[in-house]
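Going from the sequence shown to our numbering is simple: count from 1 and add 7.
These are computed hints drawn from the structure, not numbers from a lab. There's no promise every hint is true.
Stated by the list, open to error - Just the calculated beta-carbon pair ranges, DEER-fashion:
id : residue 1 : residue 2 : range
1  : T35       : P213      : 33 to 39 Å
2  : N212      : D189      : 30 to 36 Å
3  : R73       : R238      : 30 to 36 Å
4  : P79       : E109      : 19 to 25 Å
5  : D59       : D189      : 41 to 47 Å
6  : E39       : P227      : 35 to 41 Å
7  : E37       : R251      : 47 to 53 Å
8  : S38       : D189      : 38 to 44 Å
9  : T231      : D59       : 42 to 48 Å
10 : D163      : P194      : 24 to 30 Å
11 : D122      : R251      : 35 to 41 Å
12 : G166      : S219      : 33 to 39 Å
Claimed, not checked - Only pairs whose alpha carbons sit at most 27 Å apart, straight line, appear in this in silico DSSO-like list of lysine-lysine:
id : residue 1 : residue 2
13 : K182      : K156
14 : K70       : K182
15 : K70       : K156
This structure is a prediction, so every number in the text was calculated from the model and none was measured. Even glycine gets a Cβ: it sits at the ideal position worked out from N, Cα and C.
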Amino acid sequence: MNAHDDDTQQSGGELTTERLVEILQRGTFESEYGVMRWSSNYTFLLSVLHDDVQVMAVYKPQKGERPLWDFPDGTLCYREVAAFETSRQLGWDIVPPTVLREGPHGLGSVQLYIDHDPEVNYFAFTEEIRPQLQRLSIFDHLINNADRKGGHCLIDGSGHLWGIDHGIAFNSDHKLRTVIWDFAGQPIPPELTQSIEILCGELDNPKSGYRSQLDTLLSPPEITAFQRRVRQILQTGRYPQPGRGPNYPWPPV
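Let the hints inform the model, and build the full structure from the sequences given.
Structure, rendered in structure tokens:
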């Protein structure tokens with residue numbers, strides 16, 4: 008589904024993040040195109056209209072989440088939003104704009120749909136994607152992403168790398184499972200370290216806007232574990248090595 012189906016529609020790349028968040032949060036749901044295939048949880052593709060601007064979005068209702076033994080029921084949509092807010096705080100534009108709101112099937116996360124070639128994923132990336140992949144890799148370590156499959160890495164029409172599907176992240180226990188181990192043990196680039204240092208300050212400040220948002224999305228133990236991961240990454244200055252496992256998601260794509 009393309010975001011240019013009629014004259015009112017615009018692609019996400021033509022709008023600022025703030026504007027996209029406003030559209031997703033305040034817009035009306037115009038059309039529902041059905042359930043997206045291959046999703047573990049109920050996931051709907053739909054259009055959102057606000058002030059004559061229409062965008063495509065991915066809607067994941069809370070009541071459509073599949074129960075997991077190691078994540079509290081009904082929390083995956085909150086984690087999707089926490090991942091976006093963390094990406095935005097870092098200034099890395101990894102996670103498409105995502106909001107928490109009521110939808111056609113109740114409360115859920117609503118995320119900007121990224122138009123992409125489904126045949127191009129992590130396993131088909133070329134060397135030119137490497138700098139963006141460095142950001143995505145350390146981002147997954149920060150949020151403790153338990154499901155970074157190759158197919159969760161998307162390249163849009165402008166060559167920008169996006170990461171999607173962060174519903175099982177931010178666990179207080181170590182859950183990292185990712186296909187991106189390209190940089191294990193290597194020094195973290197200085198510009199990424201600088202962004203993480205700023206994130207650390209905002210995360211530790213209970214009065215910051217970012218921390219206030221996280222307090223509504225994650226549990227106190229999950230935030231404490233997040234703070235610990237951030238400090239550990241800053242202390243070592245290197246990409247973590249694979250642990251005792253499991254370290255890879257299944258299936259990998």
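Hint-by-hint comparison with the structure:
As the Cβ distance of T35 to P213 is approximately 35 Å, the hint placing it in 33 to 39 Å holds. Here the CB-CB span from N212 to D189 is close to 33 Å, well matched to the stated 30 to 36 Å. Judged by the Cβ atoms, the range 30 to 36 Å given for R73 and R238 holds: they are separated by roughly 33 Å. Checked against the hint of 19 to 25 Å, the pair P79 and E109 passes, with Cβ atoms roughly 20 Å apart.
Between D59 and D189 the C-beta distance comes to about 43 Å, which sits within the given range of 41 to 47 Å. Remark: the range hint 35 to 41 Å for E39 to P227 is upheld by a beta-carbon distance near 36 Å. Evaluation of the 47 to 53 Å hint for E37 and R251 yields a pass: the beta carbon distance comes to about 49 Å. In this structure, S38 and D189 meet the distance hint of 38 to 44 Å, their C-beta atoms being roughly 39 Å apart.
Range check, T231 to D59: about 44 Å between beta-carbon atoms, so the 42 to 48 Å window is met. For the hinted restraint 24 to 30 Å between D163 and P194, the CB-CB distance of approximately 29 Å keeps it satisfied. In this structure the hint that D122 and R251 lie 35 to 41 Å apart at CB holds, the actual value being about 39 Å. Taking the beta carbon of each, G166 and S219 are about 34 Å apart, inside 33 to 39 Å as hinted.
Our distance criterion of 27 Å between C-alpha atoms is met by K182 and K156, whose separation comes to about 14 Å. Simply put, K70 and K182 have alpha-carbon atoms about 24 Å apart, close enough for the 27 Å limit, and the pair holds. Note on K70 and K156: the hinted pairing holds, with a Cα-Cα distance of about 24 Å set against a maximum of 27 Å.
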